[in-house]
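2 protein chains.
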Amino acid sequence: MKIVVDAMGGDFAPKVNVDGAIDALREFADVEIVLAGPQALLEETIGAYADQDAYAKVKDRLSIVDAPEVISTEEHPVMALRRKKNSTFVVGMDIVRRKEAQAFVSAGSTGALMAGAMFKIGRIKGIARPALATMLPVPGRPLLLVDAGANTDCKPSWIVQFAMMGSIYADKVMGIKNPQVGLLNIGVEAAKGNEQAQKTYELMEKPQPFAFCGNVEARDALAGKCDVLAADGFVGNVLLKNTEGVISMLFGLLKDGLMGSAKGKVAALLAKDTFKGLKKSFDSTEVGGAPLLGVEGAVIKAHGNSNARAIFCAIRQARQVVDGGVVDLIREEVSRLSVGEEE
Amino acid sequence: MKIVVDAMGGDFAPKVNVDGAIDALREFADVEIVLAGPQALLEETIGAYADQDAYAKVKDRLSIVDAPEVISTEEHPVMALRRKKNSTFVVGMDIVRRKEAQAFVSAGSTGALMAGAMFKIGRIKGIARPALATMLPVPGRPLLLVDAGANTDCKPSWIVQFAMMGSIYADKVMGIKNPQVGLLNIGVEAAKGNEQAQKTYELMEKPQPFAFCGNVEARDALAGKCDVLAADGFVGNVLLKNTEGVISMLFGLLKDGLMGSAKGKVAALLAKDTFKGLKKSFDSTEVGGAPLLGVEGAVIKAHGNSNARAIFCAIRQARQVVDGGVVDLIREEVSRLSVGEEE
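Protein sequences appear in the order of chains Z and W. Mapped onto my numbering, the consecutive letters of the first sequence carry residue numbers 919 to 1261. Mapped onto my numbering, the consecutive letters of the second sequence carry residue numbers 919 to 1261.
Okay, chain Z solo, but in the shape it has when bound:
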């Protein structure tokens, strides 16, 4: 399979992008990678890869497509995509659109990634809106949140599609058999929540090609009540950022608390491994990037602050999406959904 990597996206591009890509080629013999970025700069960066012997063994599977323009996170996504025809996004996604590659990975602008995927790669027929899926940084049983922020003001039928796509992803990529899909709500009863949630619940209860386990409160979702949490993108994004905020606040408080006393300092030393393990389980590097589900290709958004390992993980994830046939499955299942009148 062929995966296009935006070599210029993220805070530490192109070095970590190139390193992560070569690392992935070394790990996965079935993967070819196309780096999208300024040709000369990328050649130079490849020349600086730490293990040139190892690189020599995989170089046949690495190519560069010249894309001298970069779209920054500050630019208006749609305008930038229109103006910058030679950007990594436009050039890279065109390759996926032409079916010459199956996946696109970027740590750059989320807006440009979503707009580009919509307009360049294209939606899967029948999908109203592609959605961003994110693994919530919850250790133990993983929890997939869809939509994590791609769409605000969602129609109930869109959320049903998010649920279906999330269910397929959880099965094929996360390895969860018969994933339980919950609807994010503020109570468990059918009549709970806002109008959107109530109508979505009604649709979810109809025969659907996924296992609906009812309304789930945020608290219970984190306690493992479901595998996939379907939500409006606005509410989903609030949930995601709040989770990150609370975790960071608690680690900060714990550190301050322990460092404030001699006993605490000793405790911190003794508990070092536990803290490290905990921190690692919340590390977005290992959690991987966020797949954009519902477009005609495997599209992965890696964190803006990705290091080489995070880029590697995002590429591995793209490979799993392709391997699992996620795009084809979504295409097949969309027609089986029971959705509302408004579509």
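The hints are simulated quantities; they were obtained by calculation from the structure and are not laboratory data. There could be a bad hint or two in this list.
Remember, identical chains collapse to one label, so a pair may be satisfied in a single copy or spanning two.
[Claimed, not checked] Here are the simulated lysine to any residue pairs, SDA-like style, with alpha carbons at most 25 Å apart:
1) K1181 / A947
2) K1110 / T991
3) K1110 / V996
4) K920 / D948
Please arrange chain W on chain Z, whose structure you already have, making use of the hints.
Just chain W now, with coordinates in the frame of chain Z:
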């Protein structure tokens, strides 16, 4: 001032309600309390108060209003209020409606409290919807979330009213001068968020009787970017429950992690005070109850699992709302709001 306490609300009623009420009378000489509940049961419970000498000194300020019926959290609030004319809610709130008391405190059904406050006590003129305000269990700089779940599908102008009421409460009860009011959103720019958030932002930017500090993401709110976080009640409730969920998850993981090794167990022992302090700062008992803002009285919802201390704190809070003249201030300020066309 006179405060009505629902003696039958909460998991440990009436004992903790009676204990908390007498404790409050002992602490605050300017408070009179009316206990609403079944007369005989309450007399018996008062007779079992641990310090009868102390009780004797405050008994002149304690009275009982017979309310033999109880509305459970499982009942439909509006139906129950209609059917159970002798319930603690109906009897107790009638006293506030007649202006014979200034406040109502309950650890019972949130739905019945809100519906009762709306229909029995009544909205402040000009207020579209009363809102539940909750102190987020964030230590250090406190954060007031309004609305925490009383209203779903909010109009933008309602959220502006929540902001104003939250600002007054933060000033008069929490003691924060010139509280900074943020709008919960998924980005900081004016154009971010769903339609509701964008329209609310437009209104908030007009001259308002509170200090609007712009859109605030959940992450930044917890990091202390604002004092009051105005939100739609659906989104606010998701935020609240998610915060509780993440905190509980992290404490659980930490405990499991430490208890898994001998070193960890020693660390846990040494860090006991730090953990205790942390846990206490998240304890809803000390955080207090949730005021329902926008009705013609001080109405406080205490946690369902309140102990005597939590009931005491909720009564103290009601006293502060009355002392601070919060209801009068809201009545005065509502006309000064710049709101949208739809009202």
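To see whether the hints hold, each was checked on the structure:
In the homo-oligomer, the alpha carbons of K1181 and A947 never lie at most 25 Å apart, since the shortest distance is 51 Å inside one protomer and 42 Å across protomers. Only between protomers do K1110 and T991 lie at most 25 Å apart by alpha-carbon distance; the minimum there is 14 Å, versus 37 Å within a single protomer. Proximity of K1110 to V996 under the C-alpha cut-off of 25 Å is restricted to the inter-copy arrangement: shortest distance 15 Å between copies versus 37 Å within a copy. Taking CA atoms no more than 25 Å apart as the test, K920 paired with D948 passes inside one copy only; the shortest distance there is 9 Å, against 77 Å between copies.
Against the hints set out earlier in the document, a violation occurs for number 1 only.
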